[in-house]
Each structure stands twice: as C-alpha cells, then as structure tokens.
Amino acid sequence: MQTTEVSSLTTSPPPTLAGQEILSVDGLSLSFGGVKALQHVSFSVEEGSVTSVIGPNGAGKTSLFNSISGFYTPSEGNVNFLGKNVNKIAPPDRAAMGMARTFQNIALFKGMTVLDNIKLGRHAHLKTNILEALFYFGPAQRTEAALRREIEEKIIDFLEIDHIRNSSVGALSYGLQKRVELARALAMQPKILLLDEPVAGMNREETEDMARFILDVKEEWGVTVLMVEHDMGLVMDISDHVVCLNFGQVITQGLPDEVQGHPDVISAYLGSGDVTALRKKFKEGR
Amino acid sequence: MRIGTAKENYTADEALFDTNIQRGWMIALMIALFALPFMTGQYAIYLVCLVMINIVSTTGLNILTGFTGLVSLGQAAFMGVGAYTVAIMEINLGTPFLLNLLIAGSGAALVGIVVGLPSLRVKGLYLAIATIAASVILHFIFANWTSMTGGVSGLSMPPASLFGLELVQPDQVYWIIMPITVLMLFGAANLFRTRIGRAFIAIRDRDISAEVLGIRLLRFKLLSFAISSFYAGVAGGLWAYFFRVITPESFPLLMSIFFLAAIIVGGMGSILGGILGATFMTMVPEILKMMVGVLSPIWPDAVAVMSPVRVVVFGALIIFFLIFEPDGLAEIWRNIRRFFHLWPFKT
Amino acid sequence: MDWLFFSEIGLAGIGTGGLYAVSGLAFVLIYKATRVVNMAIGEMMMMGAYIFIGFSVGLALPVWASIPLAVIVSGIMGGVIERAIIRPMLGENAISVFMVTIGLGSVLVGLVEIIWGADPRRLIEFVPSDPIFIGEAYLSPKVGYSFAVAAVIVGLFLVIFRTWRGGVALRATAGDQAAAYSMGINVPKVFSLVWIIAAMIAAVAGILVGSIGGVSPNMGVYGLSVLVVVIIGGLDSLLGALIAGIFVGLIETYAGAFLGGEYKMLATFSLLVFVLIVRPYGLFGTHEIERL
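From first to last, the protein sequence lines stand for chains A, B and C.
My numbering applies: residue 1 is where the first sequence begins, and numbers increase by one.
My numbering applies: residue 1 is where the second sequence begins, and numbers increase by one.
My numbering applies: residue 1 is where the third sequence begins, and numbers increase by one.
With the rest of the complex left out, here is chain A (with noise of 0.2 Å):
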C-alpha cells in the first residue's frame, strides 16, 4: 500500500481569525411537554477556538447539541452557523454546509469496514449520479480514487489508524471506535466539529491521544470544535472558552480558569457546601 511520507498536511495553518464567531446559540429554549430542557441559553464559538459545554448529567447538554445540530426543534431562540440563521434548515443540510458531529454513545456503521465508515463522511461534497455510480466509469471512479487518496493521506495517516482500515467497525475497541468516528467527522471536511464527550469511557492513554488530536484539529487543519465533555482535565487543558449549564441554563462561561473557580459552577456539580474542598477536587482532576 502506497502512503509514502506525506510530509506536510495540505491544509494550510488557519488565518488568524480570532474574534470572528462561527456558530452562536441566541436565547434557546426547548421544552418536552413540560419539561424544560433548555432555558434561554446563549453563547458563541469563536472561529479556530476549541470550546467547551460542561455540567452535570441532565443539565442539557444532549439536547443543546441535538439543536445545533437540528434534531430538536427550539421552541425559541435561534441557532446562527456562518452567519446565518439555521433554524428552519434541516439536519443534513447543516452536514452540508460544514457542521460535523460525534455522538455520545458512537454513532459508525457497524456493518461497514472502517474505510467505508470515513468514506461516508464525504457524502455531502461528492455528486456522483445514479448512472455513473451504476456502471462505474470516469467521474465515479476519479472521485472513489480521488477520496481514497485524500482519506488515506490525510485523515487515516494523521489518526493513525492505518493497521484497522479494512477491519469491520464491531470489531474494534470503544477508544479506536471513537478515533474513527473523528475520522468519518474530519472527512466531512467540517468548519465545525461537534464532539459529544469525546474521551467518556477511556483510559488515561486513550484520553490523551484525543486529546492531542483535538488540538491537531484545531491548529493544523483550522476547525473550530465545539465540545461537550465531563473530564474536567481535559476541558481545562485544551478549550480556550468553557460554557457551564445546570437546569438547562447557562450558570457562568468565560476562560477555563474562571469557570473552574465559579462557586456556582461547583456547587453545580457537587451540590452546595465546602467550597474549598472541593475546588482542591477540581485542581486534582488536572
């Protein structure tokens, strides 16, 4: 197999675009009956940041992601991506227009190798018709070969997971299912990249290389990503601005540093009490 030294990843460093917001959430409600599962949250995602939604379990962080991504339909409030109001548009449309996602419990095609499971990402950018795709000729075959290539050079090469390329997915462990689920999300060439708890059942190993390679996302192939995670370490070390909701409202955002330290933000977690001890909890999830 051919994947000699591809030195330099094409993609090119991002331009500076700090500042610039390309996904914000505008005063979003959702509620299931009477349930409210989320209160007027607003937040934005600087373009190039890495940047985090944490809280405890029920606090609506699915369902915040389930939004954005336009699985729920918000009963108020919108949801901007690229400047433009996505509310009324339709899940694979935001696919199209470069919103990527993971799911919590690994969303891959179990019946599929992991070849065909990143293959699938690119979906929405390739516009083989039914009669090339029947018998196969010219413009079919150029994209397969085209995808195939840029599939390996760049995304299986960089997630190192060129020994499982043709395994089938059921196969696999949790931690490599979620590699290749990244992958099939790289390959959907996102602006955005939405991770739901990336690194939830993993070992310390495991949680590592995710987390290098989130970091590798954002500064070698300039995708912003926007996360939803538990592990307070990794939320610490790698977002650049960390959203904290409970009840389905957002209690405080700001640096990782001072939503770490917001009372509210442990007593969200932790229920109120000794503030001081449990800070020191925090500081060792580092």
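These aren't lab readings, by the way, just hints derived from the structure by calculation.
Be a bit skeptical, because a hint or two may be false.
Stated by the list, open to error - Chain B stretches covered by chain C per the calculated footprint, using a threshold of three residues with CB under 8 Å from any CB of chain C:
no., region
1, 99-111
2, 256-267
3, 301-312
4, 317-328
The beta-carbon is built from N, C-alpha and C at its ideal position, and this holds for glycine as well.
Given chain A's structure and the hints, the job is docking chains B and C onto it.
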C-alpha cells in the same frame, strides 16, 4: 494460503475484483456463460434463464431490503408492471426489446417511488404493509383494466426479435437474458462502491446518524425504491419475453415472499448473496422433483405432495436461515474461502 | 335506494366485522406482549379450522367435542411455535422476526395441503339455520351466530385481561419487558402464554370464518385483511382492533354489494393506504418511532 496481494495504487485497491485469481475466475465464468447454450439441452437452458430472471429481481430486492433496510413485499407486483409494459409495447407498438425493457424498468421505478413515498413517515412494518397494499391494488389493476391488460385472461405476446431473428426457444431468449443479467449485477456491485450505495447502508444501519452526515433520508429511500423496482421491472420484462403469456396470477404475493426468502437464504446486503439465494431457491423445486423421481416407485403419492412440500420447504428455509445463519449462503461461502486463503494454517 | 337492503348489508358487514375483530384481537395480543408482528395470523386461523375438520370428519367426533379439542390442539401448537421459532429470535431485530412469521405462514399452508389437500372444503354444519330477523332486516344465521360467539369471546377476553393475575403480568410485560422481568414476572412464560391464547383465539376465529365460507389453504389471504384491521386500529390497541374490525367489515361488505366482489380487497386496501398516509399509527395506536 493467499499471498502477494500488494497493490501499487488506490485505484487497484478499489477494484471490484482485486486479485488476478479473481479476475481469472471471472473470465472463466464469462466464457462458460457464452459456451453454455452450445453444451446443454433446452431444459437446462430453460432453468438457467429462470434462475437469471430471478437473480435480477432478487438483486433488486436486496438493494432495497438487504442494503437499505426497507422491507418490501411488492417485488412481484413491480415485476408485473414491467411484464405488462413489455407485453403492451410489444403487441401494440412492436418497438425493439431493449427500449421496451428500459421503459418497463422505468415504469416500475416510477411505481416504486409512489409506493415508497410513505417511507419518510412510516417505517419498517408499516412500510412492508404499504407494499402489500400496493400489490393488492396493482393486482386489481392488472385484472380489471381490461382494455390494456386483457383482464383476467391476460395477454399473449409475440417473441422478441434480434436482427430480424425471432427469439422463441429458451436457448435463443438466453442471449437477451444473460447479458442483461450480467450487466445489472455489475451495476449493483458498482453501486456499493460509490456514495449512493454507502448512503443506503448508512440508512439501514442508523438513519439518524445518516442525516448528520448529510444524507437526505427521503431522497435516498426513494432512490432505493426506484432502483429496486427498476430491477424488478426489467426482470418482469425478461420474464414476459421468456414466457410470453402474462396474466394477473403470474405475479402473486407468494412470489414476493419467494424473493424475500431468496435474499434471506442467500444473504441480505450481499450481491453474491442475492445470486446464491435466487439460484438456490429456484433450484429447490428441481431438487424436489428429482427426489420425487427417486421416491415414486416406493411411494406413489409423492408426485401429489410435491407442490405443498415445496411451500413447506420455502418457509422452513426462511426460518432455518434466520435462526441459524442470518448472513445466509454468502457467509458460508466466505467461510469456505477464508479457509482456503489461510490453508494450510488453521483459522 | 332500498333502505332495507342497505341495512341488511350493514348487518352482514357488522357480522363479518365481528370476525375481523376477533382475529385482530389475536394479532394485537401477540404484538402487544411480544412486539412480534405475526404475518402468519391468517394461516394460524386456517390451521385451527383444519384441525377442527380433522376431529369432526377425520375422527368423526361430535361437533361439541371437536371444537374444544381443535382449540386446545391449536393452543398447544401456538406454544410449540413460540418455543421453537419465536423464542430463538428474542433480541433479534424486528425485521427478522417479521420474516420468520412469513416463513411460518408458508410452512403451515404447506402442511395443511399435505395433510388435507389443496381443495376448498366445507365444515360440518353446526350453526342453527333458522333465519334471523332484526326488525325486518334478514341476517344470515351463520353470520349472526358467529358474531354472537365473537362478541362473547371478546367480552370474556377483556374481562380476563383486566382482572386476572396473568392478565396483569401480560400488561406489565407489554409495558416494559425488562422492567417486568426485574419485577419477578416470568417473561418467557408470558410469551408462551400469549402465543397459546392467541393461537386458541385464532382457531375459534378460523372455525367461525370457515363455517360461513368454507376453508381452503388460501385462507391466509384473510390474514391480509386482518392486517388491514390492526393497522387501521393501531397495532397495539385492543379497542382499536375491535372498532376497526367492524369498520373494515362494513366497508368490505358494502364495496362487495354495490361495486362487485372484486372491489372488496381494493376498498379495504385503499382505506389502508389512506390511513397510512393520514394517520400512520392507526386510530388508537401508540405513536412510537419503531425501528424495524
């Protein structure tokens, strides 16, 4: 032991048959298909034609049910649409058979799209039942639109002609059926090397996350219905050229169950599975006939129970494979291949 | 329009509908408790009717003994079917189980043809033949008495389902299998029980239907109409099956009387398509995203 499969570029790795041995087998198979009519009798060719027609239709159903995960019990009715289209065009217009088959496929595809329309709102069982409803309604149209379909007595049509030669006997019609079957099988295999086939599988496995990847569910579900019914329509057209008498009873619900059984026995979501399943299921009655031949001296009633036994065997095969080998004959075949690839080492 | 004729047809329709309701009950019972879509319901009815023939003609037993025996044997068969081919599919996706029942239907048809032959047969007459008049309207005695039996069965069943302990276990299982299991309900036993009861109800329905129109191995087609009934009523709604049963019976009979016999199925299936488009989860069904 299989060795030396190193490749020089990605295109080679993406090829349908990626080793020389595989390509060699393919060429041998093609030669065999071309030599067949000169080597066997009319009855064997008759069976081969029947198998091939069933392979086309089964492959179509496999695209819809095996690969996209949408159960359909309308495949026989879609075949009927194709068969009637061919017969009507051949009788009234006398257009060339290739055009007729193409229009038969397209007509069936259109009907398929209409039947698939509920697929965004309803899933699974409800959709399967919508396809049963479609079969019933189509059957009604076949039986009652007398001016077009000849009503209950059906239609008899002239044979296809190729360069002025009338194709009457099985070994003549074979030259239409065989190339089209081969072409359509390659088409199906190619489909799953591209974004369209991958989208189908994604819809089957988890349709919510398919949406996140930018796959428009309704469009691709309808596309799957269209392709599947196109295959059924062409198969029905071939069927019409083969038997040349079409009645509303030619395409009963039982036939749809036959195709469903074929993909289950052969292997859902595998092109090879469709081929194996259709072949196997078409040959079951033949095998039973042979057994009857052996048994009849001892048990004179054997001939009488032949047809019900066939029905029992169909059902029993469906149940057996679903319980014991859900991946079907294709999986058994893969295991055999794996064994030889690794031989003399044990897996 | 002849008002008397119209109401006579209506009565016949309600009678037919009563049988649909009972058959639908057998279907819904299985679906509610085990989430199995039983495509073999028509074949199970047919089997019951043929077993009745086996006892009443084959063994020449009196009718009053043949009916209970046929129902009991059908129940045993239901249990065997559950144990042999449904239980192994536990936990498999619904699509596979659905197809297993299609296979089952095929096997039952073949078995009946092997044992009793493919020709249509009539059941021994056991329904009183004095004509029934409701007001001035004539009702065929077979249809009338069948409807009465159907009504009794449905009533009995509903009482049992609501009050008896097993009925409670069954409803609990229907609600949440895992939770019922952890509460000490023997879920596999409930599954067996449900298949046994459903097979018995199907057998009664089959004998009643057979007593009106005779039986043949093609009776599975009747199962398709039952499918229409349960879809219209809502797959998991007993009440829905009853109401939709009557409704479909009426539509079918009117279509048959005013348009011609061949329009019967067209009418019911067109209705089905309409319901699927307008209200896919039926009139009374629980709206759920079902993955199949």
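Consistency of the hints with the structure:
Counting residues of the region 99-111 of chain B whose C-beta lies closer than 8 Å to any C-beta of chain C gives 0; at least three are required, and the coverage claim is violated. For the region 256-267 of chain B, the assignment as covered by chain C holds, since 4 residues bring a beta-carbon within under 8 Å of that chain's beta-carbons and 3 suffice. Under the rule that three or more residues need a Cβ within less than 8 Å of chain C, the assignment of the region 301-312 of chain B holds, with 7 such residues. Figure legend: the region 317-328 of chain B, annotated as covered by chain C; annotation consistent (6 residues with Cβ-Cβ distances under 8 Å, at least 3 required).
Of the numbered hints listed earlier, the single one contradicted by the structure is hint 1.
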